Amino acid sequence: PPGPLQPHGLPLASCRSFSNNKIQVELDESSGVAMMKFKSPPVNSLSLEFLTEFSISLEKLENNRACRGVIITSAVPKIFSSGLDITEMCGKSVEHYGEFWRAVQEMWLRLYGSSMVTVAAVNGSSPAGGCLVALSCDYRIMAESPKFSIGLNEAQLGIVAPFWFKDTFVNVVGHRIAERSLQLGSLHPAPEALKLGIVDELVPEEKLMERAAAVMAQWLALPDHARQLTKTMMRKAVLDRLVAHREEDIKNFITFVSKESIQKSLRMYMEMLKKRK
Amino acid sequence: PPGPLQPHGLPLASCRSFSNNKIQVELDESSGVAMMKFKSPPVNSLSLEFLTEFSISLEKLENNRACRGVIITSAVPKIFSSGLDITEMCGKSVEHYGEFWRAVQEMWLRLYGSSMVTVAAVNGSSPAGGCLVALSCDYRIMAESPKFSIGLNEAQLGIVAPFWFKDTFVNVVGHRIAERSLQLGSLHPAPEALKLGIVDELVPEEKLMERAAAVMAQWLALPDHARQLTKTMMRKAVLDRLVAHREEDIKNFITFVSKESIQKSLRMYMEMLKKRK
Amino acid sequence: PPGPLQPHGLPLASCRSFSNNKIQVELDESSGVAMMKFKSPPVNSLSLEFLTEFSISLEKLENNRACRGVIITSAVPKIFSSGLDITEMCGKSVEHYGEFWRAVQEMWLRLYGSSMVTVAAVNGSSPAGGCLVALSCDYRIMAESPKFSIGLNEAQLGIVAPFWFKDTFVNVVGHRIAERSLQLGSLHPAPEALKLGIVDELVPEEKLMERAAAVMAQWLALPDHARQLTKTMMRKAVLDRLVAHREEDIKNFITFVSKESIQKSLRMYMEMLKKRK
Numbered sequence: 001p002p003g004p005l006q007p008h009g010l011p012l013a014s015c016r017s018f019s020n021n022k023i024q025v026e027l028d029e030s031s032g033v034a035m036m037k038f039k040s041p042p043v044n045s046l047s048l049e050f051l052t053e054f055s056i057s058l059e060k061l062e063n064n065r066a067c068r069g070v071i072i073t074s075a076v077p078k079i080f081s082s083g084l085d086i087t088e089m090c091g092k093s094v095e096h097y098g099e100f101w102r103a104v105q106e107m108w109l110r111l112y113g114s115s116m117v118t119v120a121a122v123n124g125s126s127p128a129g130g131c132l133v134a135l136s137c138d139y140r141i142m143a144e145s146p147k148f149s150i151g152l153n154e155a156q157l158g159i160v161a162p163f164w165f166k167d168t169f170v171n172v173v174g175h176r177i178a179e180r181s182l183q184l185g186s187l188h189p190a191p192e193a194l195k196l197g198i199v200d201e202l203v204p205e206e207k208l209m210e211r212a213a214a215v216m217a218q219w220l221a222l223p224d225h226a227r228q229l230t231k232t233m234m235r236k237a238v239l240d241r242l243v244a245h246r247e248e249d250i251k252n253f254i255t256f257v258s259k260e261s262i263q264k265s266l267r268m269y270m271e272m273l274k275k276r277k
Numbered sequence: 001p002p003g004p005l006q007p008h009g010l011p012l013a014s015c016r017s018f019s020n021n022k023i024q025v026e027l028d029e030s031s032g033v034a035m036m037k038f039k040s041p042p043v044n045s046l047s048l049e050f051l052t053e054f055s056i057s058l059e060k061l062e063n064n065r066a067c068r069g070v071i072i073t074s075a076v077p078k079i080f081s082s083g084l085d086i087t088e089m090c091g092k093s094v095e096h097y098g099e100f101w102r103a104v105q106e107m108w109l110r111l112y113g114s115s116m117v118t119v120a121a122v123n124g125s126s127p128a129g130g131c132l133v134a135l136s137c138d139y140r141i142m143a144e145s146p147k148f149s150i151g152l153n154e155a156q157l158g159i160v161a162p163f164w165f166k167d168t169f170v171n172v173v174g175h176r177i178a179e180r181s182l183q184l185g186s187l188h189p190a191p192e193a194l195k196l197g198i199v200d201e202l203v204p205e206e207k208l209m210e211r212a213a214a215v216m217a218q219w220l221a222l223p224d225h226a227r228q229l230t231k232t233m234m235r236k237a238v239l240d241r242l243v244a245h246r247e248e249d250i251k252n253f254i255t256f257v258s259k260e261s262i263q264k265s266l267r268m269y270m271e272m273l274k275k276r277k
Numbered sequence: 001p002p003g004p005l006q007p008h009g010l011p012l013a014s015c016r017s018f019s020n021n022k023i024q025v026e027l028d029e030s031s032g033v034a035m036m037k038f039k040s041p042p043v044n045s046l047s048l049e050f051l052t053e054f055s056i057s058l059e060k061l062e063n064n065r066a067c068r069g070v071i072i073t074s075a076v077p078k079i080f081s082s083g084l085d086i087t088e089m090c091g092k093s094v095e096h097y098g099e100f101w102r103a104v105q106e107m108w109l110r111l112y113g114s115s116m117v118t119v120a121a122v123n124g125s126s127p128a129g130g131c132l133v134a135l136s137c138d139y140r141i142m143a144e145s146p147k148f149s150i151g152l153n154e155a156q157l158g159i160v161a162p163f164w165f166k167d168t169f170v171n172v173v174g175h176r177i178a179e180r181s182l183q184l185g186s187l188h189p190a191p192e193a194l195k196l197g198i199v200d201e202l203v204p205e206e207k208l209m210e211r212a213a214a215v216m217a218q219w220l221a222l223p224d225h226a227r228q229l230t231k232t233m234m235r236k237a238v239l240d241r242l243v244a245h246r247e248e249d250i251k252n253f254i255t256f257v258s259k260e261s262i263q264k265s266l267r268m269y270m271e272m273l274k275k276r277k
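Chains as they are written, first to last, in this note's numbering: chain A, 1 to 277; chain B, 1 to 277; chain C, 1 to 277.
Pulled out of the complex, with its shape left as it was, chain A reads as follows (with noise of 0.2 Å):
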């Protein structure tokens, strides 16, 4: 269906391009639809930078009545993200511990809670933070190859998935898968990722921006107002608890990458990062 604000038949002229660093983002104002696309190679970092960009872009397209929904994607082969950049959490001062960890709570408000329907094209590995993007989305189609892994494996790092990652995980794949690969840090090959629910379902590769689209237009076919409604209804606990305790996990955050185990573990797991480059 077309846009509210754009005549059929321009398809060039409906495209807007913002020019960002770390993201690409395309409005086709005929369909209403935004292409996302992660450009921040090697691996799509969540670095302080890329979240502020995410969140900008985000809050952008919200306030723009042209669009009505985002896929979000990578222009990078093989990874979707890596998750959480961890040189930012490393060596750096706890005033940046702290601006670094709300802007990780900020992209998540934003994009779990955005009005906007949100569909994850997940074309690459997407562990910790990456994973957690695609969970925060209404709907995640995976390449199907089983090269690409999915999953909330943060405990392998000897860290902890905050309680809102938790929250979002539980609400897609239950208590139970939830319980077990959080402990166990599990990173899921897509064809397992499905079977468990993490993932809504496979296609090959070639086919993901096309299925991507088809998903879109079937929940643009519904009248925004009562989705969108709908939508917070069902997100709107967990949304809540992290507002309710922002500045608590701040802390928390601050307190447990600060200690001296913490950074010796991630600064070796830097080190094996170069090497296997």
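Please note: incorrect hints may appear among the correct ones.
A pair holds if it fits inside one copy or across any two, identical chains being indistinguishable in the list.
Stated by the list, open to error - Mimicking DSS-like on lysine-lysine, the simulated pairs with C-alpha atoms at most 30 Å apart in a straight line are: (1) Lys274 / Lys147; (2) Lys236 / Lys147; (3) Lys259 / Lys236; (4) Lys195 / Lys251; (5) Lys236 / Lys264; (6) Lys259 / Lys39; (7) Lys78 / Lys37; (8) Lys207 / Lys60; (9) Lys236 / Lys251; (10) Lys275 / Lys251; (11) Lys195 / Lys60; (12) Lys251 / Lys264; (13) Lys37 / Lys264; (14) Lys195 / Lys207; (15) Lys37 / Lys207.
Just so you know, these hints were derived from the structure itself, not from any lab. Keep in mind the model is a prediction, meaning the values are calculated, not measured.
On the provided structure of chain A, position chains B and C as indicated by the hints.
For chains B and C alone, coordinates are given in the frame of chain A:
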């Protein structure tokens, strides 16, 4: 097993029929099982009159010690119930809207909170409020025809299922499936409804009543008291939530349904239904 | 990986056995894994003595830094545990009932809240309280024989599973399955238990201990601290609920079990069990 008040071998004498307009109720005192058949053509709409009769029938059976279980089904071919009667929500007074909504709440409070065993024999399509009736029973058996569908499709009409519809749905299918199905206003064909857990089993339509009786016998083999306390323990939180917010929920409904935009879309929907006939 | 306190190559010296009456505990300090075997024939009933020994054993292991995980299984053929010992609930004093119930609570608080990895190797039937023990572990492996069944079948005896049995069950299988299974007091044969999610996997009985050890090794590959905090985050709400209502829950049990009708049905059940032998 024989009912507590009636000797065996008196099938005619033990069968008591209530004379109602919209719902036929027959209690077999020898088995303790009541059959409740919706007979309000063309589509068993939940009108104020229907809902009032439904609640009174449930109350009578609840207070009849000879009755331990109720099988709910339809006497109208191809439809279980089409849900709330839209004519009750269109062009009526604020007082009427309030009275109607209180009757919807009353029906659900009685059915979801019933101490009797309740089995839904879903022998036709069951959208919106019709789906709520089925979801509120202890067990759902559906005729296996893919022509019959079931779901809380309120969003399709531009309206929002109230929180206690949602709570009932989440208790049956979990958060992820409820969130998607409610946002899309999905009507699920019987085979899909089984897969999602919306109904507990499918049988060929001609075997539906036989299977419902067998399931009922299995549930009635348990001692009533322990089963009833267990049911209360499972459902109390969700029932209490409506009881605590009942007046507020009525006010919300009145405000919502009185909006000109909602009146307009309901009128359009009714005209579409008329043309279909 | 080796345990923190013992060098390699000393398998005999590193195996410490606690001498108990009802439960055999062997800690392999080289792996950090304790084996806990119920050996209270004929059916591993959870008597006051058994429960007290269970809680003390768990406490000892919890406080032993050499122990990181516990595998719980049975030394009695064909039965994991038959659940609460009915003789403790029959013809005893009010004081005794209170002491017994506090011991049931204590066992669950220690097991469900354990910071160790807990794996149930369910090598026989496991009704009622026996099922609770399995449900309270982190992971459940069951011998695949359909002769073995598991479930919270309290309703079959005319009694009601307390709210924290229910909460534990809902966390494992979700609301819909818990509601039906609890109301019917179902005992599920192993293959059905797997399908419903009551157990996590089935293996041939002769491979059970081998598989339990492999699963334990997988869980112990994670750093303890992050895993423990994650487990606490998942289970705290349900644990806190009993802690907040513990005395009230004991009073409820005493009132319930002191009723003449309940005493009568428990006596009848015990006589039935005696005749079976």
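How the hints compare with the structure:
Taking the shortest Cα distances, Lys274 and Lys147 sit within 30 Å of each other inside one copy (21 Å), while across copies they are farther apart (54 Å). For the identical chains of this complex, Lys236 and Lys147 are neighbours neither inside a copy (35 Å) nor across copies (35 Å), given an alpha-carbon limit of 30 Å. With identical chains, the CA atoms of Lys259 and Lys236 are at most 30 Å apart between copies only, with a shortest distance of 24 Å across copies and 33 Å within one. With identical chains, the CA atoms of Lys195 and Lys251 are never at most 30 Å apart, being 37 Å at best within one copy and 43 Å at best between copies.
For the homomeric pair Lys236 and Lys264, the shortest alpha-carbon distance between copies (29 Å) is at most 30 Å, but the shortest distance inside one copy (37 Å) is not. For a Cα distance limit of 30 Å, the shortest separation of Lys259 from Lys39 qualifies neither inside one copy, at 32 Å, nor across copies, at 45 Å. Proximity of Lys78 to Lys37 under the C-alpha cut-off of 30 Å is restricted to the intra-copy arrangement: shortest distance 13 Å within a copy versus 47 Å between copies. Taking the closest pair of Cα atoms, Lys207 and Lys60 come within 30 Å of each other only inside a single copy of the chain (29 Å); across copies the shortest separation is 57 Å, beyond that limit.
For the identical chains of this complex, Lys236 and Lys251 are neighbours both inside a copy (23 Å) and across copies (21 Å), given an alpha-carbon limit of 30 Å. In this assembly of identical chains, the alpha carbons of Lys275 and Lys251 never lie at most 30 Å apart, being 33 Å within a copy and 62 Å across copies at closest. Proximity of Lys195 to Lys60 under the C-alpha cut-off of 30 Å is found in neither arrangement, the shortest distances being 35 Å within a copy and 39 Å between copies. Within a single copy, Lys251 and Lys264 get their C-alpha atoms as close as 20 Å, which meets the 30 Å cut-off; across copies the closest is 51 Å, which misses it.
Proximity of Lys37 to Lys264 under the C-alpha cut-off of 30 Å is found in neither arrangement, the shortest distances being 33 Å within a copy and 40 Å between copies. Taking CA atoms no more than 30 Å apart as the test, Lys195 paired with Lys207 passes in both settings, with 20 Å inside one copy and 25 Å between copies. In the homo-oligomer, the alpha carbons of Lys37 and Lys207 lie at most 30 Å apart inside one protomer (16 Å), although the nearest pairing across protomers, at 48 Å, exceeds that limit.
Comparing the model with each earlier hint shows violations of hints 2, 4, 6, 10, 11 and 13; every other hint is respected.
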